[in-house]
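Here is what each chain is made of, one letter per residue.
There are 2 protein chains.
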Amino acid sequence: MDNLALMESISQKNEQKILLVVMDGLGGLSNPATGKTELETANIPNLDKLANRSACGLSIPVAYGITPGSGPAHLSLFGYDPLKYQIGRGVLEALGIGMELGKNDLCARANFATMDYSTGKVIDRRAGRLPTEKNKELCAKISSKIKKTGDVEIIIRPAKGHRFVVVFRGDGLSENVTENDPQKENNPPNKIQAGSVSKSSAGEGLPDAAADAKKTAGLLNAFLTQVQEIIKNEKPANYILMRGFSKYPDIPQMGQAYKLNPAAIATYPMYKGLAQLVGMKILNAGETLSSEIETLKREYANHDFFYFHIKDTDAMGEDGNFDGKVKKFEEIDRYIPELLSLKPDVMIITGDHSTPAVIKGHSWHPVPFMLMSKWTAGGEVSRFTERECLRGSLGTFHATSAMSLAMAHSLKLAKFGA
Amino acid sequence: MDNLALMESISQKNEQKILLVVMDGLGGLSNPATGKTELETANIPNLDKLANRSACGLSIPVAYGITPGSGPAHLSLFGYDPLKYQIGRGVLEALGIGMELGKNDLCARANFATMDYSTGKVIDRRAGRLPTEKNKELCAKISSKIKKTGDVEIIIRPAKGHRFVVVFRGDGLSENVTENDPQKENNPPNKIQAGSVSKSSAGEGLPDAAADAKKTAGLLNAFLTQVQEIIKNEKPANYILMRGFSKYPDIPQMGQAYKLNPAAIATYPMYKGLAQLVGMKILNAGETLSSEIETLKREYANHDFFYFHIKDTDAMGEDGNFDGKVKKFEEIDRYIPELLSLKPDVMIITGDHSTPAVIKGHSWHPVPFMLMSKWTAGGEVSRFTERECLRGSLGTFHATSAMSLAMAHSLKLAKFGA
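Chains as they are written, first to last, in our numbering: chain A, 1 to 418; chain B, 1 to 418.
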């Protein structure tokens, strides 16, 4: 019995409300100059005070040493085993910009990129971080010229910056193909090929699966050639890179597993897509932390679970902006009284993973976690930091337990066994 | 997806070097006279200082409460689920003394023992810890007289002290047989019998498997009778005990799972055998800690992963020699600067299991663990002891995560998921 099945077997509905606040990329590492992490440096009196009232700990998003992408890290926080439920980037991006997907649709996350056609090398994987307006213009241009590749329908939608989504709609498309993105600049793009089918997953379907993968790879390469003809003279976005080929997964819904009526408040496509995948209602939350808070207040009566996502902390970490991340924490801290004024029965504040500014990217380090409810003793820690959370009563634990703890502290779980 | 499959899916090669130092039987318990453990008693300033710079924790070799043998304890440290990959003692001993094994070979770890033929009881399971020279002489004598038992070839090789290895080479041999070693002295040896075949592992091969086990048991008893005829008048080694009947397992290789070029530095056969089994190159490391260090320095440029095994700490624990174990720690401590002078990117210092002198044997207690790298915050603990490591950021964790942590901190793992 996995965690979700256990939850479904003992979860029960009541009026109590759970607020799960996720500061993306929360955890950090010491600034070599001061020996203090971003959280240790920040002046965050409200978060510190809350931590002192809470049950605290450090969460492991996927497993020790594993640096998670946003998808698996969030699935863990929602109680899903991220090694069991693996979801492609293409699907997440498509859902995040509000595309309706069918079961057979193959989705790709795509970037506009800059190719040096004289050498055949990709010299900028993000086409100078293309402005969204230019992205929309190019997507419209390509869409108007390519409706189909072979017998497969092509749907192209812009996302933010240099990012867009391509959905391939047709029969017999396979996720099991390689990507043309070379991952590193100054390399030629890869030719898309059928992936290797492992013996264990192949079974009797092997010949069909292999044929589908081969057909799909051919189709994708043909599509790339079509696109190249259309944009090769553009500057700087004269090429596209595709990755994360994936179809809609069959995944349990939070409403059923937890008997919750869950809603998501997020500003970025990826996180809305993820929330929709697990069955949350996506609320229109605007673009800022302030509009997210307003959304929460406005909708507070209508749901018993809110996933509240804050993106900027991760972005600062990714940029290696230690001081910027510190300032974001201080900004968020000023909103804490507003969250508390709603009197949630359970409020968790944590991250999906760590993004230490000194690493300039996601990392494997455990993530500070606090859970406030009437049923926590408190007095474990004096600050909301990595080192203090280590002393908390929850210890270092798997993030897949976060929802179980939220459910327990809101008295939504019946006794297990007689 | 098990841990090794996960590693294989995201591991990537780089130039960084990992040094895994295993002090066998590291963990201890308090001396009742002082209330301090072996580590707490030892003057180990270099290890303490290193612990202060490191991420620390306590590792559970197999599971809470489980006292591991050296095989499972080491497999865990190498990232293998020790409950999934079970390897017989016979195979380990055979590999450790450099024997080449075929797929069908059945290996046994054997002891020279002393039998009181008047009562039929084993009065010394180690024949007074027989000198290696006498062991060699007896093995040569038996080898010269027994080439075959039935149609099965017999290969006998001496190891250290009273220990030797017997390899049975032929078709249809089964691991599923009991042992003649009574485990306790002043008991008669057991007759070797076919083991019970559990339904779950039997499947359609049941009748054949049972027949093979029965045939093998008969063969082993016949061999014991042959040996007895040859040595019954020797003193004190007039009998042999066999255990750990096993064949070469099908186990993933570290080179493939981690994309490492791993090497092992160890002085004892068992540990070399284990390292070879998981695909490490066995370096010629001599017989002492000093020669092991020289080997590491000499070969440092040639590998990106070193398993460095120190046996003496366990031997002292097994002998109940508390002060001897303390002195060994102090001796090892003096070599720490030499290890650091190589500037490994990641250095883990831990044990495979605990061997508290007060228990005089392996135990189930969690094992002190420290990992030093550029990406650890440090400042968690002030000493390298059982009680201090408990305060570390790694918490109490499964030893199978040790390699994941080493890989992460040497930046050899790609992000998991998008």
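Note that these hints are calculated values from the structure, not bench results.
Do not take every clue at face value.
Copies of one chain are not kept apart here, so a pair can be met inside one copy or by any two copies together.
In silico DSS-like cross-links for lysine-lysine, where the CA-CA straight-line distance does not exceed 27 Å [stated by the list, open to error]:
#1 K134 with K84
#2 K160 with K360
#3 K49 with K36
#4 K297 with K36
Note that this is a predicted model, so its numbers are computed, not measured.
Evaluation of the provided hints:
1. In this homomeric assembly, K134 and K84 never come within 27 Å of each other (Cα to Cα): the closest approach is 38 Å inside a single copy and 54 Å across copies.
2. For the homomeric pair K160 and K360, the shortest alpha-carbon distance inside one copy (21 Å) is at most 27 Å, but the shortest distance between copies (52 Å) is not.
3. Taking identical chains as interchangeable, the C-alpha atoms of K49 and K36 lie at most 27 Å apart whether they share a chain (19 Å) or sit on different chains (19 Å).
4. In this assembly of identical chains, K297 and K36 lie within 27 Å of each other by CA distance neither inside one copy nor across copies; the values are 35 Å within and 35 Å between.
Hint violations for this structure: numbers 1 and 4, all remaining hints satisfied.
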